[in-house]
Amino acid sequence: MTEAGVPPALRLAGLGKTFPSQAALRGVGLELQRGEVRALLGENGSGKSTLIKLLAGYHTPDAGWTAEADGVPFTLGNAEAAREAGLRFIHQDLGLVPELSVIDNLALGEDYVGRRWISPRREAAAAREALSRVGLDLNVHRAVRELTPGEQAGVTIARALRGGLDGTVLVLDEPTASLSGTEVDRLHKIVRRIRDSGGAVLYVTHRLGEVFEIADRVTVLRDGSEVADRRVSDLSHAELVRLVVGRDVDAVFSHAVASRRSVAFEAQDVCGEGLDNVSLTGYHGEILGVAGITGSGREELPYLLFGARRWHSGRLRIGDRSHNKMTVSAALRSGMAFAAADRQRESAIPLLTIRDNVMLSALPKGRAAWWVSLRSQRRDVEEWLERMGVRPPDPELPLASLSGGNQQRVVLARLLRSEPEVMLLEEPTRGVDIGAKAEIYRILTEVAAEGAAVVICSSDAEELALVCDRVLVLREGRVVAELENESLTEEAIVSHCVMEDQVSQP
Amino acid sequence: MSMTPSTHEPVALPDASVPAGEGEAPRGRRDTSHSIHARLSGIYIIALFIAIFAVWVPSTFLTTTTVQSILGSEAITAIIAIGLLFSLAAGQFDLSAGGMVGLSTVIVAWLTAQHGYSPESAIAIALAVGVAVGALNGLLVVGLGVHSFIATLGMSSVLIAITEKITGEEFITGVPSGITDIANPQPLGIPVLALYALVVAVVAWYVLEHTPAGRRLHAVGAGPEAARLAGVPTRKLAFASLIATSTIAALAGVFLAAEVGSASPDQGSAYLLPAFAAALLGSTQILPGRVNVAGTMVAIVLLAVGIKGLQLAGGAGWVTDMFNGVALMVAVSAANFAQVTRARRLLRQRRTRDRASGSPPEKIRRDHP
Chain A
29 MTEAGVPPAL RLAGLGKTFP SQAALRGVGL ELQRGEVRAL LGENGSGKST LIKLLAGYHT
89 PDAGWTAEAD GVPFTLGNAE AAREAGLRFI HQDLGLVPEL SVIDNLALGE DYVGRRWISP
149 RREAAAAREA LSRVGLDLNV HRAVRELTPG EQAGVTIARA LRGGLDGTVL VLDEPTASLS
209 GTEVDRLHKI VRRIRDSGGA VLYVTHRLGE VFEIADRVTV LRDGSEVADR RVSDLSHAEL
269 VRLVVGRDVD AVFSHAVASR RSVAFEAQDV CGEGLDNVSL TGYHGEILGV AGITGSGREE
329 LPYLLFGARR WHSGRLRIGD RSHNKMTVSA ALRSGMAFAA ADRQRESAIP LLTIRDNVML
389 SALPKGRAAW WVSLRSQRRD VEEWLERMGV RPPDPELPLA SLSGGNQQRV VLARLLRSEP
449 EVMLLEEPTR GVDIGAKAEI YRILTEVAAE GAAVVICSSD AEELALVCDR VLVLREGRVV
509 AELENESLTE EAIVSHCVME DQVSQP
Chain B
65 MSMTPSTHEP VALPDASVPA GEGEAPRGRR DTSHSIHARL SGIYIIALFI AIFAVWVPST
125 FLTTTTVQSI LGSEAITAII AIGLLFSLAA GQFDLSAGGM VGLSTVIVAW LTAQHGYSPE
185 SAIAIALAVG VAVGALNGLL VVGLGVHSFI ATLGMSSVLI AITEKITGEE FITGVPSGIT
245 DIANPQPLGI PVLALYALVV AVVAWYVLEH TPAGRRLHAV GAGPEAARLA GVPTRKLAFA
305 SLIATSTIAA LAGVFLAAEV GSASPDQGSA YLLPAFAAAL LGSTQILPGR VNVAGTMVAI
365 VLLAVGIKGL QLAGGAGWVT DMFNGVALMV AVSAANFAQV TRARRLLRQR RTRDRASGSP
425 PEKIRRDHP
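Chains A and B supply the protein sequences, listed in that same order.
For reference, each letter of the first sequence is one residue, going 29 to 534 in my numbering.
For reference, each letter of the second sequence is one residue, going 65 to 433 in my numbering.
Keep in mind the hints are simulated off the structure, nothing from the lab.
For glycine and all other residues, C-beta sits at the position ideal for the given N, C-alpha and C.
Treat the hints with care, as some may be off.
Restraint ranges, calculated between C-beta atoms of paired labels, are given here [claimed, not checked]:
{"hint": "1", "chain 1": "A", "residue 1": "G191", "chain 2": "B", "residue 2": "G379", "range": "31 to 41 Å"}
{"hint": "2", "chain 1": "A", "residue 1": "E157", "chain 2": "B", "residue 2": "G381", "range": "54 to 64 Å"}
{"hint": "3", "chain 1": "A", "residue 1": "E157", "chain 2": "B", "residue 2": "K229", "range": "57 to 67 Å"}
Dumping the calculated DMTMM-like pairs for lysine to aspartate or glutamate here, alpha-carbon to alpha-carbon at most 20 Å [unchecked claim]:
{"hint": "4", "chain 1": "A", "residue 1": "K353", "chain 2": "A", "residue 2": "E294"}
{"hint": "5", "chain 1": "B", "residue 1": "K300", "chain 2": "A", "residue 2": "E179"}
{"hint": "6", "chain 1": "A", "residue 1": "K217", "chain 2": "A", "residue 2": "D251"}
{"hint": "7", "chain 1": "A", "residue 1": "K217", "chain 2": "A", "residue 2": "E64"}
{"hint": "8", "chain 1": "A", "residue 1": "K217", "chain 2": "A", "residue 2": "E238"}
{"hint": "9", "chain 1": "B", "residue 1": "K300", "chain 2": "A", "residue 2": "E108"}
{"hint": "10", "chain 1": "A", "residue 1": "K217", "chain 2": "A", "residue 2": "E179"}
{"hint": "11", "chain 1": "B", "residue 1": "K300", "chain 2": "A", "residue 2": "D139"}
{"hint": "12", "chain 1": "A", "residue 1": "K353", "chain 2": "A", "residue 2": "D304"}
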């Protein structure tokens, strides 16, 4: 396993991190040899990102860790030390400052050319050179906010490799989430180049296919613990899935095919920020999925349908009314409910109690009251917590004290309390552990079976293939595929999501 | 598609080089995010004001006295505003800057006029208090995580209280010439305070735009999480920025004592709003979207010319505050509006460009052909 005499590029042992609400990582170890690409695999919430943030010095680990780079110990929990140990990072959300120029972003955490005098011309030349090394040509004075997701990813990669590609120890945290096929290929090429030049790469991903394509070894995390350290060539796809999920996938959730009933809403030629003439129809009793990479319009669609972003044109028929532009109040009136992906800011208020969060919902017509006693509120909320299986079922706890899965159940309770006709959900199981995931899928299936139209916008193709009756794939703001029945598979969703503009090698 | 492991040529991939910003300003130009006219709009407005008042009140407006009075009266506001830029860049509001100006003025006057301290030591003590107050703000904001708005609001009240305690709520007069001489000279007819302000501006411009620490300060304000992830010492920088703001406010207080030759218990607070107005209005100029020294100077002149003109045209005392407030609201609204419309236009451009480059042939990418 370890080449005799040569210390690994990176060795971690006894790495743990406890957050106030839960232990995110428990005593994990990891070895990364030079000339090796190691994948770090795990479900959402398995501790992958926490591990990377410990490495990057963003979090401080619990006591008892050791860390060595090429045999030399270095301090964790300190960004400067990680940098000096030769580690370079590409973070999940890419870690850029949108308002600043490409030049300033490239120099973030790295050095400017000038120390006492930063000359715009010299910095621009250096920035262009750094970009050209990863095959990018951009106006470096532009604010990063104005670049496409692919270009932004390029900037991050260029920053990590500013000191040169060869021999670097690079850590990538789910870098391909927002990339198209050619961009992914380009990144993989860079990763191989680093490996072949004597560098080492730790590659965090949740795409199993990527592991087989690029990694030599794989570490699998589950619930904050290491469950496997294996050579990729010794593994089959199914074995790897079993390692990640912890049981056979089929047992996780079995989906009863819903019976599609009448039309719940019909959107025609909707244009708005990120969307270009999108039409879709939702049916009562059906779970409709919306897939697409970042920037495809998937993230904008639910907001537009809910009237939370500006419409440029289009029409939405819901119930017996037809709107040529949507507003949130019109959406609520016509029985829509929406839970955004970001629980910390958009779909819930973490600092308020569970009760306050559930009570936020609009009540269906005829049920509003001028005065609601605290006691009846509690009774109402307790009933919902019971129904959703929230643990602990105490309405007065702050929402923030619950685990991700339980928070999401509270959000669902808030939505369901308004008895929605149409339920829009964005990333309903983000940051939710696997057990709670199955439970949430069960709730959603029930809701659909009772006649609501459920729309799930998700970046997780596996999830869409599992729970949805029908999936629309968005690309560049347009619907490019509608998958149903036999055609609805995880692979089909992914390939439609990343299909290329150019023909990529016949 | 397999890669042979032996390729060691630079990873320049032909399919990757998408020319950016096509059909827009040529590459190499500084900032293509905003039109040159938007960046200089403040200067146009200054020219317009001058033209209007030159016609309206020709006998009093176009005089050396007016110019001198504008330069002299705005120098202290300018210095405070420039000090605020440091903490604003780091995303912090220092509402105690006004209180610091007042305290510093009083310390200088009190020590020299009533306790016989030398001007040098009185000034040194005033500046040291500025550093200490900034460090205390930093401790509250960075160390304890109190929102800067709240922490410095409290600090402001404390500083005003200390000022009142020292003065016994009365004027301190009799500031020695060692202090007042600082503000007296008028080389080439220019009030020397304006030159001091210029020096402070140049130093601040150098630090904020041309040193790594200054550039990173903007990153701390605009994206603290990303900056921290990238290894920028965000806490240290935020702490230092609060010290800078407070110390520069103390310096402004020294100049105020020198200019007025006395100290009243409530002098400083009056400077807070105009200084904030100038700093924030300045963030819509020259380098729009971020607080910057050049923009702040434009804003100071714009506000001063407008106010002075209106005063000479017979405006009452309330004109000053009204003008500051309205100018700030109009400028920031206009800048926001411009940013939103620009973002929309960019999106449309990108989309039409994508469409022009041909619709995608439907072809599924296979990993292992």
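Each hint tested on the structure:
In this structure the hint that A/G191 and B/G379 lie 31 to 41 Å apart at CB is violated, the actual value being about 60 Å. Take A/E157 and B/G381: their Cβ atoms lie about 58 Å apart, and the range 54 to 64 Å holds. About 60 Å separates the C-beta atoms of A/E157 and B/K229, a value consistent with the hinted range of 57 to 67 Å. Note on A/K353 and A/E294: the hinted pairing holds, with a Cα-Cα distance of about 13 Å set against a maximum of 20 Å.
Between B/K300 and A/E179, the direct Cα distance comes to roughly 31 Å. Violation of the 20 Å bound is thereby established for this hinted pair. Between A/K217 and A/D251, the direct Cα distance comes to roughly 31 Å. Violation of the 20 Å bound is thereby established for this hinted pair. Between A/K217 and A/E64, the direct Cα distance comes to roughly 14 Å. Compliance with the 20 Å bound is thereby established for this hinted pair. Proximity of A/K217 to A/E238 is assessed by CA-CA distance (about 13 Å); at most 20 Å being required, the pair is judged to hold.
As the CA atoms of B/K300 and A/E108 are separated by approximately 13 Å, the hinted pair is consistent with the 20 Å bound. Under the criterion of a C-alpha separation no larger than 20 Å, the hint pairing A/K217 with A/E179 is consistent with the structure, at around 16 Å. Of the pairs offered as hints, the one joining B/K300 and A/D139 holds, with about 17 Å between alpha carbons and a cut-off of 20 Å not exceeded. Distance restraint check for A/K353 and A/D304: the Cα-Cα separation of roughly 15 Å lies within the 20 Å cut-off, and the hinted pair is therefore satisfied.
Comparing the model with each earlier hint shows violations of hints 1, 5, 6; every other hint is respected.
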